[in-house]
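Novice: Construct the complete structure from the given sequences, taking the supplied hints into account.
Protein chains: 2
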Amino acid sequence: MALPHGVVETPVFMPVGTQATVKTVAQDVLERLGANSAGAQIILANTYHLYLRPGHELIRRLGGVHRFMSWERPLLTDSGGFQVFSLSKLRKISDEGVEFRSHLDGSKHFFSPEHSMKVQIALGADVAMVFDECVEHPATYERTRASMGLTHAWAARSKDYFEAHKHEVPWFGDPSSFDEAERDGTPVAAGQTQKLFGIVQGGMYADLRRESAERLVAMDLPGYAIGGLAVGEPREVTREMIARTLEWLPQDKPRYVMGVGYPDEIEEYARMGVDMMDCVLPTRAGRHGLVFARVEGLVTRLNIKKLEFAEDQGPIDAGCGCMVCRRYTRAYLRHLFAASEPLAGMLLSVHNLSFYLDTMARVRRELSADSDAGDKSPASP
Amino acid sequence: MALPHGVVETPVFMPVGTQATVKTVAQDVLERLGANSAGAQIILANTYHLYLRPGHELIRRLGGVHRFMSWERPLLTDSGGFQVFSLSKLRKISDEGVEFRSHLDGSKHFFSPEHSMKVQIALGADVAMVFDECVEHPATYERTRASMGLTHAWAARSKDYFEAHKHEVPWFGDPSSFDEAERDGTPVAAGQTQKLFGIVQGGMYADLRRESAERLVAMDLPGYAIGGLAVGEPREVTREMIARTLEWLPQDKPRYVMGVGYPDEIEEYARMGVDMMDCVLPTRAGRHGLVFARVEGLVTRLNIKKLEFAEDQGPIDAGCGCMVCRRYTRAYLRHLFAASEPLAGMLLSVHNLSFYLDTMARVRRELSADSDAGDKSPASP
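The listed protein sequences derive, respectively, from chains A and B.
Letter by letter, the first sequence follows residues 33 to 413 of the numbering used here.
Letter by letter, the second sequence follows residues 33 to 413 of the numbering used here.
Be a bit skeptical, because a hint or two may be false.
Heads up, the list lumps identical chains together, so a pair's fine if it works in one copy or across two of them.
Claimed, not checked - Derived pair list, reagent style BS3-like, types lysine-lysine, alpha-carbon separation capped at 30 Å:
{"no.": "1", "residue 1": "K55", "residue 2": "K337"}
{"no.": "2", "residue 1": "K191", "residue 2": "K338"}
{"no.": "3", "residue 1": "K338", "residue 2": "K55"}
{"no.": "4", "residue 1": "K124", "residue 2": "K140"}
{"no.": "5", "residue 1": "K338", "residue 2": "K198"}
{"no.": "6", "residue 1": "K124", "residue 2": "K338"}
{"no.": "7", "residue 1": "K337", "residue 2": "K121"}
{"no.": "8", "residue 1": "K121", "residue 2": "K55"}
{"no.": "9", "residue 1": "K338", "residue 2": "K121"}
{"no.": "10", "residue 1": "K337", "residue 2": "K140"}
{"no.": "11", "residue 1": "K337", "residue 2": "K150"}
{"no.": "12", "residue 1": "K338", "residue 2": "K150"}
{"no.": "13", "residue 1": "K121", "residue 2": "K140"}
{"no.": "14", "residue 1": "K338", "residue 2": "K140"}
{"no.": "15", "residue 1": "K55", "residue 2": "K140"}
By construction, these hints were calculated from the structure, which means they are not laboratory data.
Specialist: This is the structure in structure tokens:
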């Protein structure tokens, strides 16, 4: 997947940097995550949060979110839709957009598709998302269908605004958005713009998912997300909705499932054909003392606080080559967590993110090996 | 200063790692602090805290605090005395020692000079400190004199216990305390032991300071600290006490002023002949949004939260070459702090620690140049 700030190998997991920081993890550490120290290829930032603080116009004046946070690799911003519906108070939804109050100070704001685009263009991530309505779960068929209709209308308005204003991205026409000599980064090629992805909705109804996918594909966007999942439904339903929706999305464009999931889920969805996923789980779990490890071949979530780790001189995961597992014992990490030391959340987040990235790297290798084998085998279809 | 885990260039500033972690800063970052990325030469850990949690016997079983926290360079532990007197509750002091209640859970404990030594030998830092009584400030001459007497008796008992048990340090006789191949560390030379430093007390009374220094020097310890300063007295008094005490301490042994200070203070004391200093200020200030910078040649403390930094694209300190100033703007750091992001405290701590280490590195260079010039000049005394 070629983006203005670099090429991303898929399937890819994107660490979530809500407020232009992946919680507790410095940018140079993000660049060295994983057993091979290759780091995160692309991270996500939240439009809703950055709009409220420090403000998208401030970030635009400082050159966009890449430059603001000193991150030269690709970035993706969500549309703000999900946060408006999940975090803010006193929402009033109309065809025009959503009025809401900030979760920070109660101040009143209005997001329309046009405004979400304006904010995302100011932030200047490589990938922007159309503004969508996220339906609550569970929701009736009729409610889901009506919401989906609004989402499609908003997608069209998002695209119209985006096409008219995409040249306003802070790094447009700036062939050296970063100082190559100092930072060994890939500068943005002149004339490139952001890519706008659509979001398929349709709740837990396969026929609505199909209709939504078809409507969005007709808009000929450079990538498509599957939204509105992992909102409380059983995992079988999530998998079923992803499988059914993937059938209606073109294979030659990135397909992104938003907000999932556990390590075994992201592996499963990647093998089903999903190209991009993001989730706060690795960092949030890390800050709560929970770490992922492969124990006897099975992905397991360990609670580092447990007494059984008090004198455990092994790493979190004996098979993990991340910078935390190379250096620190479970005993030390347990001590840091028990003593409420800030370093605990940081080190556990770094391990968990590495675990996710390494999982994706392994899936990429295996898919690539399968496809090579397929190319070489005359018997394969 | 040659220590079991390496040679330390003096004058040196020692970051404080209270609970076997310099708050918010990972060990690999500690190793890269400063403009030249040379990192911290030696750090401090707190005996009182590690005794309570995770417990010194646990750390002994895991090979000592170096191995426990994965830090191969020199370490120093204080005696626990200062924390017993400042943090714990319901102290009962006798000639024998101090009974106190834990600030964590109220449990009852007893520290004697012998017990402090036992704990410090189990922790296994390169430098241990004698157990001393810290007198409150202000204190009368009589009170200070009596307390000083106790400190001297305790110093003698500390030394006796230490000499009888120093071979019990976890890494004693272990020529490869660390795996050289994996970690490029300096293994401990076989047969080396910790060094036990004395602590000069005497409050704000120069004649008591002299008496205390003479009594301790008579014990022929490998290094001497000046304790009981920076406890609320005016800075001129601190300076005066240091200057007067230094006169009575041998120049060929390390002289350590505990718990100071601001960047200009550590520079001043280093030029007066102090070899070692430690202070929580750089990390504590960092976690509170305060950063040190040289503004128009003067060391200044900036509050990164201030609105004036909201769009400031410069680094914290234009003259600083630390990893934070090389990468992040004041605008971004202010945003992180305003948004209560954990990364803020980490990055500001890294800058402040680098600022302290760079200050000491500059003083070392200047003192060394002065001394070279002195050697070469036939006119110099």
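Novice: All hints are to be evaluated individually against the structure, with a verdict given for each.
Specialist: Status of the hints after comparison with the structure:
1. K55 / K337: both (20 Å within a copy, 19 Å between copies)
2. K191 / K338: neither (50 Å within a copy, 38 Å between copies)
3. K338 / K55: Intra 24 Å, inter 22 Å, cutoff 30 Å: intra and inter.
4. K124 / K140: Close inside one copy (11 Å), not across copies (58 Å); limit 30 Å.
5. K338 / K198: neither (51 Å within a copy, 33 Å between copies)
6. K124 / K338: neither (45 Å within a copy, 35 Å between copies)
7. K337 / K121: between (35 Å within a copy, 27 Å between copies)
8. K121 / K55: within (24 Å within a copy, 36 Å between copies)
9. K338 / K121: between (38 Å within a copy, 29 Å between copies)
10. K337 / K140: between (41 Å within a copy, 24 Å between copies)
11. K337 / K150: Answer is between: at 27 Å across copies they meet the 30 Å cutoff, but 45 Å inside does not.
12. K338 / K150: between (48 Å within a copy, 28 Å between copies)
13. K121 / K140: Close inside one copy (9 Å), not across copies (49 Å); limit 30 Å.
14. K338 / K140: Between copies only: 25 Å across, 44 Å inside.
15. K55 / K140: So K55 and K140 pass the 30 Å test inside one copy only (27 Å; across, 38 Å).
Checked against the numbered hints given earlier, this structure breaks hints 2, 5 and 6; the rest are met.
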